[in-house]
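Trainee: Heads up: the protein sequence lines correspond to chains R, Y, C and W, in order. Okay, so the first sequence: first residue is 1 according to the numbering used here, each after it adds one. Okay, so the second sequence: first residue is 1001 according to the numbering used here, each after it adds one. Okay, so the third sequence: first residue is 2001 according to the numbering used here, each after it adds one. Okay, so the fourth sequence: first residue is 3001 according to the numbering used here, each after it adds one.
Calculated from the structure, these hints are not laboratory results. Remember, predicted model here, so these are calculated numbers, not experimental data. One or more hints might be untrue.
Below, computed lysine to any residue pairings styled on SDA-like, alpha-carbon distance capped at 20 Å [to be verified]:
#1 LYS1118/Y with ALA2056/C
#2 LYS118/R with ARG3060/W
#3 LYS3384/W with MET3001/W
#4 LYS1118/Y with LEU2291/C
Covered, in the sense of this in silico footprint (three residues per stretch, anywhere, with C-beta under 8 Å from a C-beta of chain W), are these stretches of chain Y [said to hold, decoys possible]:
#5 1007–1014
#6 1096–1108
#7 1118–1126
Listing some non-contacts, in silico: residues in chain W with all C-beta distances to chain R over 10 Å [said to hold, decoys possible]:
#8 PHE3002
#9 ALA3313
#10 GLY3324
#11 SER3337
#12 GLY3403
Glycine included, each C-beta is placed from N, C-alpha and C at the ideal position.
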Amino acid sequence: MSLLEELYRETIMQHAQKPHNFGPLENPTVRVGGNNPSCGDQIELFLKLDGNVITEAGFTGHGCAISQSSASMMTDLIRGKTLDEALELERKFKAMVVEGQPPAPELGDLSALQGVAKLHARVKCATLAWNALEQAIEEVRSA
Amino acid sequence: MSLLEELYRETIMQHAQKPHNFGPLENPTVRVGGNNPSCGDQIELFLKLDGNVITEAGFTGHGCAISQSSASMMTDLIRGKTLDEALELERKFKAMVVEGQPPAPELGDLSALQGVAKLHARVKCATLAWNALEQAIEEVRSA
Amino acid sequence: MFEPETIKRDFPIFANNPDLVFLDSAASSQKPRSVIDAMTLYYERDHANVHRAAYALSMRATDAYEDARGKVARFLGADTDEIVFVRNATEALNLAAHAWGLNNLHAGDEILLTEMEHHANLVPWQLVAARTGAVIKAVPVTREGRLDLDAFDSLLSERTRIFSLTQMSNVLGTVNPVAELAAAAREKGALTVVDGAQAAPHLPVRVHELNADFYALSGHKMLGPTGAGALWGRREVLKKLPPFLGGGSMIEEVQLERSTYAPPPQRFEAGTPAIAEAIGLGAAADYLMELGMENVWMHDRQLVEYALDELSAVPDLILYGPRGEDRGGVVAFNLGSLHPHDLATALDEHGVAVRTGHHCAQPLHRRLNATASARASFYVYSTKSDVDRLVEALKKAREFFAGWL
Amino acid sequence: MFEPETIKRDFPIFANNPDLVFLDSAASSQKPRSVIDAMTLYYERDHANVHRAAYALSMRATDAYEDARGKVARFLGADTDEIVFVRNATEALNLAAHAWGLNNLHAGDEILLTEMEHHANLVPWQLVAARTGAVIKAVPVTREGRLDLDAFDSLLSERTRIFSLTQMSNVLGTVNPVAELAAAAREKGALTVVDGAQAAPHLPVRVHELNADFYALSGHKMLGPTGAGALWGRREVLKKLPPFLGGGSMIEEVQLERSTYAPPPQRFEAGTPAIAEAIGLGAAADYLMELGMENVWMHDRQLVEYALDELSAVPDLILYGPRGEDRGGVVAFNLGSLHPHDLATALDEHGVAVRTGHHCAQPLHRRLNATASARASFYVYSTKSDVDRLVEALKKAREFFAGWL
Ligand SMILES: Cc1ncc(COP(=O)(O)O)c(C=O)c1O
Ligand SMILES: Cc1ncc(COP(=O)(O)O)c(C=O)c1O
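Only chain R is shown next, with the shape it has when bound in the complex (with noise of 0.2 Å):
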């Protein structure tokens, strides 16, 4: 399998042309905006919580497969979770596509981003939407 297909296969695609929960929410307890200057990628993420728990979250902004399939899937698994649990699966999702490490199982589909840690240069869109939501908790944390 070339580095290619290992890196788009069929459940990135799928999620990068309909990506799931995009679409700005309304009244978000939080909402931050990414940039990823390097390539010109941009998301907007919008979360609600109830107390530690994000009850939605949802995206705006576009970019390119990775960076919008690993925002569609982001925000699929972070809901329901604390944000300590969402910041753990930052520390898993990061491991892999940074390090290299293999796919915690709790990263169910975006294991499929696992080929990101072979193409440094796609690193940055695959940590778009991550960055945003970390920033997101600190701001509410900090607020």
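Place chains Y, C and W with the ligands on chain R using the hints.
Mentor: Just chains Y, C and W with the ligands, lined up with the frame of chain R:
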């Protein structure tokens, strides 16, 4: 004879230590400042003209033995010369110190500065007063 | 004879990356051995700080640095003392915008730009406009990818104080009729600044024939090293221009509270310059003058025509920019609805290096109705076979992503 | 063991100029082979423009560039995203003065400098003062060549908004008690800018221990190439700092009339950076960290003590600067009334390269009652035998000019 001995002759050191025509002229026809930013040497040149003829020349400022002696000997030499003659002397002086040509007899004492041609780093010192002269003549003519 | 295959051998990067199809010269060109060597030799034999030279080594360094200035001047058909060394075209444009703009623009004055400008020729003017109250206007781009000359005529007015435009678009490849536009601007009393970042590497430039007042270029896009560029300024304009950066070498006399400044070009070169890089840029100018800029342009033209023909045959490929004598060696494109970043990854897997993104031209991309594009760009070492490899890789990418376009 | 004779062998310039006694490192240092090679290899194997990398080559270039930022950060004990690459210390100081000063200073605010500043730390503040109406004050220098700390205490006030000083004088060799003074400034609510152009190459710097907000350095004075320097800024200060130069890479979103900006450090790096030069600076930081900056400083101290002892024995020689633990490896002097330029020519005839002039410190020279001076300065490759050659040459010059002193 070392380059040093060739350059720092008696004539030069005497002019440097007791420069002729040192001090401002009162009511000069023209007065221009010269500056060698590459070594910090400064000169202010004063000329009095009677029509086309330089009747008096003086200078103030500070600098190395080369720039001071050059100004001293130049102000001696140009007194009584027409502006065209002065420019011609400038041409001959520069031919000597920049291009390394043998000194024209009209340069008189200034031939002592011929060693400068071999010390590229000092050419700007030797020509400082002469550049001020050229600028002064330009100013007179464009006024 | 202009033989790109032979020229390629002067560039060590290709020997070290034998499979590389490098199509990103508009972002930054590769460097010939002569440029790399000029800098290495300088460091190994002649380095010392320039100016205030009281010893032989420093005089050698100063001479080499000032010689490089002469070479850049010759390259542009300018006088040596009209050349200011800067880091890159961006700094050159900032210098012009800040030093001229902050001191000459007032509320309501107009700055005329174009919609095809690189951010380097937009943001500096925005910063200056914010400080002075001047207003920015921009000449729109036509569907074909050229400046809208009718719009130019109606936008140019007595309120226009400065007109700044690129000589060649880094996205569309369009070469603008600068001399004509600058003449019109001059008639209205406006100065013209030319962003030559893309044009200077690719076509013969004689600054005085452009009717312009400033000309900016980047050395790293014209075979020179990173860290060196130049701003040409018309002598009469430079003479009256206040300084931009303050520091050593640009002064005449310094008191604690105030200073007087050296004449140009020194007035605009504060601090220790990029000496080795200027020398490298001089060597690059030599290399290009040796090739002949007419030949470089002809080569670019032939290659871009060939590329546009071949690329037109790739299904689903959207091509930007005009066709004609005014089209330089830059080709931006998109493959259907595929994001260019994904496309570039696929091309890279086949050894073909293209750039993607907005190419520092967001307003232009808005006009093109694209958030981003992929871009292939050519230079003296680019060959038809490079173009063939691009076309082949594009076709393979199209197959790979079939169903997702 | 710190062996300058061995270290010297790492520097090709000395093999190529075997008779050279290079005593002008304070103006610009020589470069070790590892620094020259890092740049050559970069051009030969890895060059492409950085950022927006969609292909492997560009990613290699980006990684190398960003790694270099990390090395400079480590060298200064800072975080990577606090390091902005610039051309030299002069640009770093201009960036701080313009970006901070133009946006924060108002009429009557005070800028506190010192009388021993290099023009690079005077003129930018003058330019900013002229635009904002801020007032410049300067801490005087004592007869011994140190800052007058009593005067500092009375000059520092609630009106002081910014304090900018050199960590080490390029004429006197004095190392200033920066941490102490910056703490006092901070108490009054003023920011402190440190000109580290001379200090960074010669002594261990941990920016956070200096209580400062900005730190400027030049790569070419610390074994690095020309064309690369750095500005460190405290994260909280950088975050709020508006941009200085506008262009590519420093933006977030660009409209024709206005833009938003990227976070630091990108916000301050407009356009294509000096990529190879940053990589060279990183290699220089590595070389120095390998030697150990404590060792470098100890070597400087030993050599300057030896030099001051030897030079004190030369009749008619006037020496400037203090003696003590706070004296670095810079020795300015005059020989009787002889103009230093004439003296330097005589020294150069014996292969001894010293700089002469006002060393971009005219106000300090006024205080020293000298229009100019000659200056010998040392670095890692300087040896006792270099000092001996200087002393010998000075004695010969004294004989030669006897009668004219
Ligand atoms: C104390 C000091 N500050 C600033 C500078 C300016 O350095 P650069 O010319 O590299 O910008 C120098 C160098 O001469 C210096 O000695
Ligand atoms: C048209 C144009 N202008 C300006 C620039 C900026 O050049 P640099 O990044 O070298 O300053 C570029 C380079 O991308 C360009 O293409």
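Trainee: Going through the earlier hints one by one, which of them does the structure break, listed in rising order?
Mentor: 4 and 6
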